[in-house]
Amino acid sequence: MAVYVQTKPTTIAEKLADETWRRKFLRNVLIPWIFICPLLIIHLYVVAIPAVQGVYMSLTDWTGVGMNVNFVGLDNYYELFFEDETFGKALGNNIIWMAFFLTVPFIMALFCAAMLAQVKRGGMLYRSILFIPYVLASVVTTTIWKNLLNPQRGIGAAVDNLLGLEDVFGVAFLGRPDSALMSIAFIDNWHFWGFLMILFLASMQSIPPVLYDAAKIDGANRWDEFRHVTLPGIRPTLLFMYMMVAIWSFLAFDYIFLLTQGGPGGASEVIATQLYKNAFFRFQAGYGAAQGVVISIFAGFIIMIFVTLRRRGWDI
Amino acid sequence: MRGPETFIQSLNLGGRRSPAETLLVYALHIVVAVVFILPLLWAIAASFSPNEEVFKYAYPFSWRALLPSNFTLAAYENLFARDFGVALSNTFVLGMVVVIAGGVVNSMAGFAFARFNFRGKRLLFVGIILITFLIPIDLTAIPRFILISELKWINTWPALIVPGLANSLVIFLFRQFFEEIPQDLIDAARVDGASWLSVFYRIVLPLSRPVLITAALLMFLTQWDSFFWPLLVAPHPALRVVQVEIAISIGEYQTLWNELLAGSMLAAIVPILLLLPFQRYYIQAITSSGLKD
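Same order as they appear, the protein sequences are chains F and V. Read left to right, the first sequence gives residues 1 to 316 (the working numbering). Read left to right, the second sequence gives residues 317 to 609 (the working numbering).
One chain only, chain V, in its complex shape:
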């Protein structure tokens, strides 16, 4: 990341701006960036402060609100003392399992849609993408919830994992990528006697690193952010995911703002660390597909 000097210079580019215009553009960018990042800075500072001092500098407001007052890790220590670590590791495991299993399922389907011609292909593709797209989660959530309880899956891992596996955006991305792979490569392997499955795993997948990264990112983050479904099917403390844990503690520990904000910061750091380095993949995926849930 660049230092502040380069950042400031960068706001003032294009020689054809008048000085007044330059100043305006420069001021505007700073204001926008500050306004949008300020709430976050305050939350970070508050999470490192003792609870009674969280709002000390917010009212009357001073710049000190953006620095922790009496820096302490107490909020984080208390969080982990009451099983926030379990929620973190649960979410991590859930994310990894969905990335791996969902990656297999969605990439195989994407391959079929991209490289085979079979009857009903178009109907199936449009049906899968459109249905998931149009229908509010709540409409399917009720029957799905009933299905899950009939399977006796409430408060078990499969209830969390299985519904997250099929992801229409990810299928769409895989299909688009696999369509670009040269036919010659596949033909050559076929002539050498490779089965379709080994063509897929030995030839196609190793060529597909960018789309694999994007798909993994999308699926992991979807799970990391998921909230309502886990709240419905797995509220048991041993199975709680991060977002559920935070939402429940808002109800239970209403006044412990430093701890709530510390939990929020821990929940936020993972997507930030994942998305900033891989931003390019993510944005390319969205712009190339135009889809995002």
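Only chain F is shown next, with the shape it has when bound in the complex:
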């Protein structure tokens, strides 16, 4: 029996002369990189390199203009956590924001999706109606709601008029420190929860109907069904959205900026709005970059929690 011993090419010249090696090189190195290359170049320039530069900027006292850049180590971070009280307030607002968005839209969406899941005809129209606010751009939504929350001519004034009251509901919800943040959260939620509901609905509709029949035979009532069939059935979607909403809570920016710019008097300030002001208006680009890094660390921390839970065998 003849034995063919294929010698592995070693030098570059030998490698190039070898047909199978050339093919492997094409298949495993050259061609994939040709396909990835356009994306990689754009991604490097638009995301990766700016991200690294941002981290570096956070270690400097750069103002954002000019060439005067001094490396200051972790000074910006020290100032953020131990000296800057407005940052503590903003962080607190982010946490309030997160508490709101991890409860209110989830309860609304679960409730409505559970009711809609059994609807078979006309459900599409209803879904579309609830989906429309999600489709609107933040600029559009905030323009409409600024009008509706106007103390003199908005909904509040109309309610007051209807009930014969004066200045009970017709107040400047967005202009008062105690109600500004919650009003923005309410408006953002008006736009957001329909999206959540539709995700839950899609997830619920993929639960096998057999499970509901089985529950019925066991004498389950509506609540038992929801608790023991629906919730476990949509658990992956539910937990994933919990993670996403927690992350988004730290990135919250556009609605707050468009409606109050963080005001009045910092009452609705969050980290991202502070960052924006520091970077583009207050000539504290280095300090703003440190805030950006802090946001990323929080978001990364949330992802870590979920990854750890999944490694421990949670079905997420």
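Incorrect hints may have been included.
To give an idea of the chain V side of the interface with chain F (calculated C-beta under 10 Å), a few residues [to be verified]:
| hint | residue |
| --- | --- |
| 1 | Trp358 |
| 2 | Val370 |
| 3 | Lys437 |
| 4 | Gly443 |
| 5 | Leu455 |
| 6 | Phe461 |
| 7 | Pro479 |
| 8 | Ala510 |
| 9 | Ser511 |
| 10 | Leu513 |
| 11 | Ser514 |
| 12 | Phe543 |
| 13 | Ser580 |
| 14 | Leu591 |
With beta-carbon atoms standing in for the labels, derived distance ranges [stated by the list, open to error]:
| hint | chain 1 | residue 1 | chain 2 | residue 2 | range |
| --- | --- | --- | --- | --- | --- |
| 15 | V | Gly509 | F | Cys37 | 20 to 28 Å |
| 16 | F | Asp61 | V | Leu354 | 47 to 55 Å |
| 17 | F | Gly219 | V | Leu339 | 20 to 28 Å |
| 18 | F | Phe25 | V | Phe396 | 37 to 45 Å |
| 19 | V | Ile529 | F | Asn28 | 28 to 36 Å |
| 20 | F | Lys24 | V | Gly443 | 24 to 32 Å |
| 21 | V | Gly443 | F | Leu162 | 40 to 48 Å |
| 22 | F | Ile41 | V | Tyr569 | 36 to 44 Å |
With a Cα cut of at most 25 Å, we get these calculated BS3-like pairs of lysine-lysine [unchecked claim]:
| hint | chain 1 | residue 1 | chain 2 | residue 2 |
| --- | --- | --- | --- | --- |
| 23 | F | Lys146 | F | Lys277 |
| 24 | F | Lys89 | F | Lys277 |
| 25 | F | Lys24 | V | Lys437 |
| 26 | V | Lys468 | F | Lys277 |
Read the hints as simulated data drawn from the structure, not as lab findings. Even glycine gets a Cβ: it sits at the ideal position worked out from N, Cα and C.
With chain F held as given, fit chain V onto it using these hints.
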């Protein structure tokens, strides 16, 4: 779309509900739908009203607030008289260019991630998706803004287009779809001597209509809604996009509410027209990936 009768019947399904429960469910759905659509109906009506009558029926409130009072197209005419049309066409062009160029870039990357094995693939994939995901736009916005100004791209089209091309959600969707394409099809074409690029364009892409529609939809809508980046890099009137135009006119024409709302309605109609017919694709994309920016 169905008529109101079917809609009402549809709210009352499942024979095992008691009449009281049926009534409750029915009332609840109506209330929810009305509450969520009312602000929009009011805005539509206001955009067709003369400015001085926008709030006429809002205070004291009457149902007339939901119909235009003295129907007029003046708000829309005034909008177009001051270049709102330019903003509309700018946004449209921007969206189309990003859909086409971004479609090429992201689908090629998705194909590489789905069908090739190369060193560093996993690291690269996780890196690209995670980085874009975790980092707030503002952190990268400052260095990116500096980069764009060093390239002398401020107030030019590339500043608007290039940063919108790489889209991690779209890459993710392409990868997922391309993984499902049977290997036999690709092998057969390869045996026939087709190059990888022609396999991609002649075999893979024509099979990928659903994911192409979804990707186009996502990228177009992202551009249509984009606001802060265009405001930073292209505030010049000739390059303004729709959202920037509206936001700026809120500052400039504070009291012309009918015009502001008319602009908002024009900005809203495009995503609504695109998403309602293609809702299914969009939702499938989101649920299958679990990602959304």
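Broken hints, numbered, in rising order? Result: hints 8, 11, 18, 21 break, sorted rising.
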